[in-house]
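> Okay, here's what each chain looks like letter by letter:
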Amino acid sequence: MRVALLSLAAAMLVLAGLAPAARAEEAGHVKVVKGTVQIERSGQKLPATVGAAVQSGDVVTTGADGSVGITFLDNSLLSAGPNSVLVIDRFAFDTTTHQGAFESSLQKGTLAVVSGKLSKASPDAMKVKTPAAVLGVRGTEFLVRTGDGKE
Amino acid sequence: MTRPVSLRRITGGASLGLLLLAGCAKPARNDLYVLLPSQDGHASGALTVESGSKQTTLDQPYEAARVKEPGNVEPGTVTLEQVQQAFGPALAAQPPRPVSFTLYFLENRDELTPESRPILTQAIAEISRYPAPEIVVIGHTDRVGALARNDALSLQRAGRMRDELVKAGVDPARIRVEGRGEREPLVPTADEVAEPRNRRVEINIR
Numbered sequence: 001m002r003v004a005l006l007s008l009a010a011a012m013l014v015l016a017g018l019a020p021a022a023r024a025e026e027a028g029h030v031k032v033v034k035g036t037v038q039i040e041r042s043g044q045k046l047p048a049t050v051g052a053a054v055q056s057g058d059v060v061t062t063g064a065d066g067s068v069g070i071t072f073l074d075n076s077l078l079s080a081g082p083n084s085v086l087v088i089d090r091f092a093f094d095t096t097t098h099q100g101a102f103e104s105s106l107q108k109g110t111l112a113v114v115s116g117k118l119s120k121a122s123p124d125a126m127k128v129k130t131p132a133a134v135l136g137v138r139g140t141e142f143l144v145r146t147g148d149g150k151e
Numbered sequence: 001m002t003r004p005v006s007l008r009r010i011t012g013g014a015s016l017g018l019l020l021l022a023g024c025a026k027p028a029r030n031d032l033y034v035l036l037p038s039q040d041g042h043a044s045g046a047l048t049v050e051s052g053s054k055q056t057t058l059d060q061p062y063e064a065a066r067v068k069e070p071g072n073v074e075p076g077t078v079t080l081e082q083v084q085q086a087f088g089p090a091l092a093a094q095p096p097r098p099v100s101f102t103l104y105f106l107e108n109r110d111e112l113t114p115e116s117r118p119i120l121t122q123a124i125a126e127i128s129r130y131p132a133p134e135i136v137v138i139g140h141t142d143r144v145g146a147l148a149r150n151d152a153l154s155l156q157r158a159g160r161m162r163d164e165l166v167k168a169g170v171d172p173a174r175i176r177v178e179g180r181g182e183r184e185p186l187v188p189t190a191d192e193v194a195e196p197r198n199r200r201v202e203i204n205i206r
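Those protein sequence lines, which keep their order, are chains R and S. Using our numbering, count along the first sequence one by one with no gaps and you end on 151. Using our numbering, count along the second sequence one by one with no gaps and you end on 206.
No wet-lab data here; the hints were simulated from the structure. Fair warning: this is a prediction, and the values are worked out from it, not measured in the lab. Built from N, CA and C at the ideal position, the CB exists for glycine as well. Wrong hints could be hidden among the right ones.
Covered by chain S, per the in silico footprint, the following chain R stretches (three or more residues, Cβ under 8 Å) [stated by the list, open to error]:
hint : stretch
1    : 65-79
2    : 97-106
3    : 131-141
Derived lysine-lysine pairs resembling BS3-like cross-links, with alpha carbons at most 25 Å apart [said to hold, decoys possible]:
hint : chain 1 : residue 1 : chain 2 : residue 2
4    : S       : LYS167    : R       : LYS108
5    : S       : LYS54     : R       : LYS129
6    : R       : LYS127    : S       : LYS167
With these hints in hand, go ahead and build the complete structure from the sequences.
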């Protein structure tokens with residue numbers, strides 16, 4: 001009986017350990033959509049709608065008439081203007097300790113960022129990349145435009 | 001007479017070649033990075049812009065860095081008008097900023113203090129501003145009583161607030177409820193100390 005209880009407890013611990021990992025995929029939610037906005041996930045193109053989940057690995061693209069606003073689980077806010085390609089490279093956030101990492105890339109277009117709890121808890125947790133630069137974020141609000149000059 | 005002509009030809013050919021090289025190998029870039037003033041009144045923080053071996057740190061509002069080719073960072077500033085022109089649509093698409101309300105409770109009960117009732121009304125009104133709102137309701141207690149009892153009481157307080165939100169028309173699927181018992185006091189105290197500021201529920205909206 002005791003052994004059975006112990007193994008049950010062990011199984012529950014394993015499950016408890018797995019649960020946050022399974023949830024960690026979710027990074028945030030779309031809150032604002034104007035014009036054409038798509039989310040690309042494992043080769044599939046999904047239309048971005050208000051309330052849609054955004055996950056690590058997603059590529060968010062806006063059309064010539066498009067813009068999108070996303071609120072992340074750590075309260076970071078990212079919003080992109082027209083003709084933008086935004087990649088959510090990695091998002092991990094521990095809601096208790098506020099530790100984790102948030103890495104994203106703007107391949108082209110414009111982006112407005114308000115950093116959240118991750119950046120407040122540890123200055124190196126948040127990074128934004130472009131084809132030409134790497135941005136280190138220390139608890140702040142900022143803007144990014146990147147393009148090849150012909151646009 | 002023929003010499004100057006051939007010279008001109010040579011220089012002309014060379015600059016055309018340079019232009020082609022610049023166009024193919026390293027396209028000129030149009031990158032702009034801008035630090036904004038923080039809207040919550042705190043210091044702006046800082047943004048480090050690194051391109052190749054060059055790096056600059058922006059720590060004043062409207063400080064900017066331009067990258068016209070990789071590895072070349074030009075510091076400068078921008079005006080509010082330039083910001084609006086370059087980033088208007090991205091700024092207009094910003095989601096509403098997350099907010100948090102703190103409501104206080106009567107000792108050892110799940111009843112709000114009279115002073116906190118209007119804050120609940122305010123929180124309910126605020127939720128309607130948020131598209132696809134996510135609401136986290138977190139209950140707390142002071143350190144009077146047993147740990148287990150306070151865990152239960154904190155959940156009970158949070159549950160009461162959830163019920164109030166649902167009664168006001170908020171979709172229950174959008175609300176998550178948590179109880180932290182006496183584990184996260186707002187004001188640290190010794191055990192068994194009655195502290196009104198620790199008997200509370202946070203309503204976080206984003």
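> With reference to the structure, classify each hint as holding or not holding.
Structure-based check of each hint:
1. Here the stretch 65-79 of chain R counts 8 residues with a CB under 8 Å from a CB of chain S, which clears the bar of 3, and the coverage holds.
2. Check on the stretch 97-106 of chain R: 0 of its residues sit with their Cβ under 8 Å from a Cβ of chain S, so the three-residue criterion for coverage is violated.
3. Figure legend: the stretch 131-141 of chain R, annotated as covered by chain S; annotation consistent (11 residues with Cβ-Cβ distances under 8 Å, at least 3 required).
4. With a C-alpha separation of about 45 Å, the suggested pairing of LYS167(S) with LYS108(R) is violated against the 25 Å cut-off.
5. With a C-alpha separation of about 15 Å, the suggested pair LYS54(S) and LYS129(R) falls inside the 25 Å cut-off, and the hint holds.
6. Proximity of LYS127(R) to LYS167(S) is assessed by CA-CA distance (about 42 Å); at most 25 Å being required, the pair is judged violated.
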